[in-house]
Amino acid sequence: MTNSSTDVIQKDAPMSPPPAVEEPVQRRKRRRRGSTEPRAPFRTYHLFFYLLLGSIVVSTASAFAWVFNVSMKTNREFLATSPWELAEGWRWENYANAWSGANIGAYFGNSLVVTLTATAVGVAVSVVAAYPLARVQFRFSGVVLAVFLMGLMIPWMVTFAPLYNLMQDFGLLDSRIGLILVYATYNLPFNVFVLTGFMKTLPYELEEAAAIDGASPTRTFFSVILPLMGPGVASVAIISFLQNWNEFFYALLLIHTPEKMTLPLGLFQLGQAANYGTNWVTLFAGMMMTVVPVLLAFALLQKQITKGLTVGALKG
Amino acid sequence: MLRKAQRRIIVPFLLPAFALLALFFLYPLFRTIDLSLNEFSRTGTMTFVGTDQYERLVGDPDFASSLKNTFLLTIIGALMLFPPAITIAWALSHRLRGERFFRFFVFAPVVLSVAVVSIMWKFLYHPTLGLINPTLEGLGLGALAKTWLGDPATALAAVTFVSVWHGIGIWVVLLCAGFERLPTDVLEAARIDGAGEGRILFSIMLPMLADLLRMLLVLWVVQSFQAFAFIYIMTGGGPFGSTETVGTLMYRVAFDQADFGYAAAMGVVLVVLMLVLAKVLNKVMKRDELQY
Numbered sequence: 000m001t002n003s004s005t006d007v008i009q010k011d012a013p014m015s016p017p018p019a020v021e022e023p024v025q026r027r028k029r030r031r032r033g034s035t036e037p038r039a040p041f042r043t044y045h046l047f048f049y050l051l052l053g054s055i056v057v058s059t060a061s062a063f064a065w066v067f068n069v070s071m072k073t074n075r076e077f078l079a080t081s082p083w084e085l086a087e088g089w090r091w092e093n094y095a096n097a098w099s100g101a102n103i104g105a106y107f108g109n110s111l112v113v114t115l116t117a118t119a120v121g122v123a124v125s126v127v128a129a130y131p132l133a134r135v136q137f138r139f140s141g142v143v144l145a146v147f148l149m150g151l152m153i154p155w156m157v158t159f160a161p162l163y164n165l166m167q168d169f170g171l172l173d174s175r176i177g178l179i180l181v182y183a184t185y186n187l188p189f190n191v192f193v194l195t196g197f198m199k200t201l202p203y204e205l206e207e208a209a210a211i212d213g214a215s216p217t218r219t220f221f222s223v224i225l226p227l228m229g230p231g232v233a234s235v236a237i238i239s240f241l242q243n244w245n246e247f248f249y250a251l252l253l254i255h256t257p258e259k260m261t262l263p264l265g266l267f268q269l270g271q272a273a274n275y276g277t278n279w280v281t282l283f284a285g286m287m288m289t290v291v292p293v294l295l296a297f298a299l300l301q302k303q304i305t306k307g308l309t310v311g312a313l314k315g
Numbered sequence: 000m001l002r003k004a005q006r007r008i009i010v011p012f013l014l015p016a017f018a019l020l021a022l023f024f025l026y027p028l029f030r031t032i033d034l035s036l037n038e039f040s041r042t043g044t045m046t047f048v049g050t051d052q053y054e055r056l057v058g059d060p061d062f063a064s065s066l067k068n069t070f071l072l073t074i075i076g077a078l079m080l081f082p083p084a085i086t087i088a089w090a091l092s093h094r095l096r097g098e099r100f101f102r103f104f105v106f107a108p109v110v111l112s113v114a115v116v117s118i119m120w121k122f123l124y125h126p127t128l129g130l131i132n133p134t135l136e137g138l139g140l141g142a143l144a145k146t147w148l149g150d151p152a153t154a155l156a157a158v159t160f161v162s163v164w165h166g167i168g169i170w171v172v173l174l175c176a177g178f179e180r181l182p183t184d185v186l187e188a189a190r191i192d193g194a195g196e197g198r199i200l201f202s203i204m205l206p207m208l209a210d211l212l213r214m215l216l217v218l219w220v221v222q223s224f225q226a227f228a229f230i231y232i233m234t235g236g237g238p239f240g241s242t243e244t245v246g247t248l249m250y251r252v253a254f255d256q257a258d259f260g261y262a263a264a265m266g267v268v269l270v271v272l273m274l275v276l277a278k279v280l281n282k283v284m285k286r287d288e289l290q291y
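Residue numbers (numbering that gives the first Met the number 0), protein chains in the order written: chain A, 0 to 315; chain B, 0 to 291.
Treat the hints loosely; a few may be bogus.
Said to hold, decoys possible - In silico DSS-like cross-links for lysine-lysine, where the CA-CA straight-line distance does not exceed 30 Å:
{"hint": "1", "chain 1": "B", "residue 1": "278", "chain 2": "B", "residue 2": "3"}
{"hint": "2", "chain 1": "B", "residue 1": "278", "chain 2": "A", "residue 2": "306"}
{"hint": "3", "chain 1": "A", "residue 1": "199", "chain 2": "B", "residue 2": "3"}
{"hint": "4", "chain 1": "A", "residue 1": "199", "chain 2": "B", "residue 2": "282"}
{"hint": "5", "chain 1": "B", "residue 1": "285", "chain 2": "A", "residue 2": "199"}
Since the hints were made in silico from the structure, they are not lab data.
Please take these sequences and the hints and turn them into a complete structure.
Shown next as structure tokens:
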């Protein structure tokens, strides 16, 4: 087959060299992000890519630079000077005001407690639930899994009114524990989806060998399966953490007292106040304080976060 | 033996997760359907009214306009999202220098809270204090300056743009993973045959990614039908209802007018419409499955 086709090509155009010979055919294997392979040599059309990506970098960076610059101004400066004008001095006191005066510190603490607990509960509960769903054959396993995964398709927010009443009946309204339970539940469908998929890739001989050695199924799960789940658990933990940290709707719905508010809700309240009052620079300082730690964490965990995302959404 | 022993762990292992799901998702979901068949009086008593709420929805201009806005947001957003996301993912698949740096900036907004992004953009859009209009004026394009969020003609597009700006990194990452999984020998064969890069993208790469693109489009529909936080924070549904979607209208009806039954009916209609649309998209865009 290959012979005949090359024959045809040679007969048709015996003198013209194949078009792509200016460089040896690159046998690029499946690429892995962050590998040490050399970059592709520059081609003219790459200029278009660099311009495109460069403009994204410039516009995003200038938006953040602008926020930072305003956070260093005084309110009068903010109103009187042009948006591009640099702040006259370093007004770090805006940050101190935001942290204690505008309660950003308290919101930060609330967010940290709620997010960490909810993520831990959500991941623990779903990794345990994923085990029978992925590895034990029982009659309605498909149905139960489908019920969990239904949460990926149904818009959760439509159930807010009954949820509000339910929380009221349980006395969980306006409490951090209520918010934690809701966040943990909200994480379940995605977690179960990723973790069952991950568990199915493990060899079934693991359980058989453990059973022959006399381990109970519970013991097998905790001593054999769970230690192998590291990457999957890390994935869902990071994604859940981000989701819970940034969640706005349920916080708005369930939390009313300022002392219990999470960071997104607190900033929203501060933003509403800035609309009527004059305290813009504090709001900008508050925004910077919430943005910087998250961006730093992302810079460190970039690879795990983006990988965790693709593990869940694409097979393989 | 093993099977029998394993069966004993099913219930205890599933119970905690299932209890949470049942309590905070399944029960409220069924209650929503139940609520939508009832009417609330100011005193808080509930009376069964059958499909009255749904009949009320049919003639409600506010609901019609919120539904229209929801669809508009979905369509405008898809147009704002997919061409750039595909282009960016395509660019990133070329092993450029500084790839990690570019990836960081494309994805960074994703990790930021919707609240922060909304507040930031609300100020960026500000006609005089913001960044966009003064920059346009500085570039001599003052004619393009607008009161972005204050003008019913631009408000919905402006809000949609922010939600696309915030989330585009996710779509780029997913598309990049799709590009990476394409078989390199096919692409090389095309290059050897003299196909240009653009031709390769449109005639080979995108058709091979049809399945992924279909999935991403359905995901976008699911997501944009729930649009709430961006709108609530940036415009609150205004000006003149031009950004009111089903999500924000539902919230307002429930908490400003205490009309829980009516809000629940809106929610049920939204879910049904979304499932139908997702189903139709899946059907229309279905291709023969490619194996590679």
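Against the structure, the hints:
no.	hint	result
1	B:278 / B:3	39 Å, violated
2	B:278 / A:306	28 Å, holds
3	A:199 / B:3	20 Å, holds
4	A:199 / B:282	28 Å, holds
5	B:285 / A:199	27 Å, holds
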